[in-house]
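K.L.:
In case you want the letters, here they are:
2 protein chains.
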Amino acid sequence: MEYCKKTLSNRSKYSALATKLCFKEKGHAGKCSEFPYLDHFTKNAPTVKAKVVRDATMTTGASWKSDEAGPNRIIRWVMLLDDATLKTDFKLDMGKLKPGVVAKLRDKAATYDQCMEVAAMLTLAAYEMTGAPAPTKEVGAYLEQRFGGIVPGKTTCIVCRLPLAFDAFKKAARGKAEIETAHKNPREHNEKNVGFAHRECNIAQGNKPLDEFYAWIDGILKRVDR
Amino acid sequence: MEYCKKTLSNRSKYSALATKLCFKEKGHAGKCSEFPYLDHFTKNAPTVKAKVVRDATMTTGASWKSDEAGPNRIIRWVMLLDDATLKTDFKLDMGKLKPGVVAKLRDKAATYDQCMEVAAMLTLAAYEMTGAPAPTKEVGAYLEQRFGGIVPGKTTCIVCRLPLAFDAFKKAARGKAEIETAHKNPREHNEKNVGFAHRECNIAQGNKPLDEFYAWIDGILKRVDR
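Protein chains in written order, with my numbering: chain B, 1 to 226; chain Z, 1 to 226.
Next up, chain B with everything else stripped away, as it sits in the complex (with noise of 0.2 Å):
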């Protein structure tokens, strides 16, 4: 598909960092819009929606929780920054967190167009869970002119391979979401490496790719006389 493209007004303080763009098709009717695949989730599935632009576009940053290290979240195209910079423009001192937090943010980077490729993946992969929704006509259509159609029922977690259900988006167990956004090599953000997995499976993986992962679990197996 080729995208209409045109610039978004951004409020964000890291707007000179990455222009917003209307992923809409070229010559479209109507108004401009970064994420018109998510129109119908919005009103229908909004913590779904939400989920989706907030992994798609944000670094997760559990224990990055001091006024003074800043947000829990910071978008992901910034972490692409040095540190000077993110100390001169934008009032992020990286020297202050510990190590293993900055490592964290780090491997988090990615690009504005990865994160917007990633978004779309993530509904298409919502759209093709057990139970979801149908999307509306637009949404259906836009979807099938950027994957090849929404498969029902295709949509596994990207580490057990056992089927995912869309009414997960709404179970926690002990104030967690069972359903998270995961990666099969945890370095990469990007449309390929990206998908859902259960939580447990996604805390079991780790920081390991899932080749390495898979490679020691059968290792345990091997080593274990059950």
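Heads up, the list lumps identical chains together, so a pair's fine if it works in one copy or across two of them.
Listed below are the simulated SDA-like cross-link pairs for lysine to any residue, each with C-alpha atoms no more than 25 Å apart in a straight line:
#1 K208 <-> L162
#2 K222 <-> E180
#3 K108 <-> K176
#4 K208 <-> P186
#5 K222 <-> A168
#6 K222 <-> E178
#7 K208 <-> D218
#8 K6 <-> Q114
#9 K176 <-> N202
#10 K154 <-> K222
#11 K170 <-> V101
Worth flagging that the hints you see were computed from the coordinates, not collected in a lab. Just so we're clear, the structure is a prediction, and the values are computed from it rather than from any experiment.
Following the hints, position chain Z against chain B.
P.N.:
Coordinates of chain Z only, in the frame set by chain B:
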């Protein structure tokens, strides 16, 4: 071994709940001691000693941070008391904690005797790690009498079954210790069920009993086409 079991003085605010006892052999010479088998680590590896006592006797409580919610860790046998007693006798209001935190704390409850068993067994496991110091004559004789002798290099991670090195007690990645105390069945804190594990293994196991964990990863590998 028959223990001395004389009552020791106890300055804990929970002293009414468990009399601290002497675990030297009955009829021993010298002063009484609750942890005689830790005498050597107390001087030689004080952080290992502190870890053994802490993990054997205290709950974890990572989410239990605010003053209102109480201390971060609490004695395991205190968690055997009911909510009403905790509130009236110890000013611990379980109702103020999130249900997930309460469940976690209750899972970690154990009797004083169980905790004392676990402490001795963890000490043995530490001495049986690759590269562990040899115990003093007294400690060696004590552990031999209780457990039938120390086998250097015998201790493996209870999850992945790879040997654990004593040096790893000093190692930490991103601020987290590399060796953790782990449970074959996370809900049973007793000598037969506890051991050391790599942090990543303990995290991957999560709250599953080991049998269930192995069956789970076996299922994953069967579904994955590698």
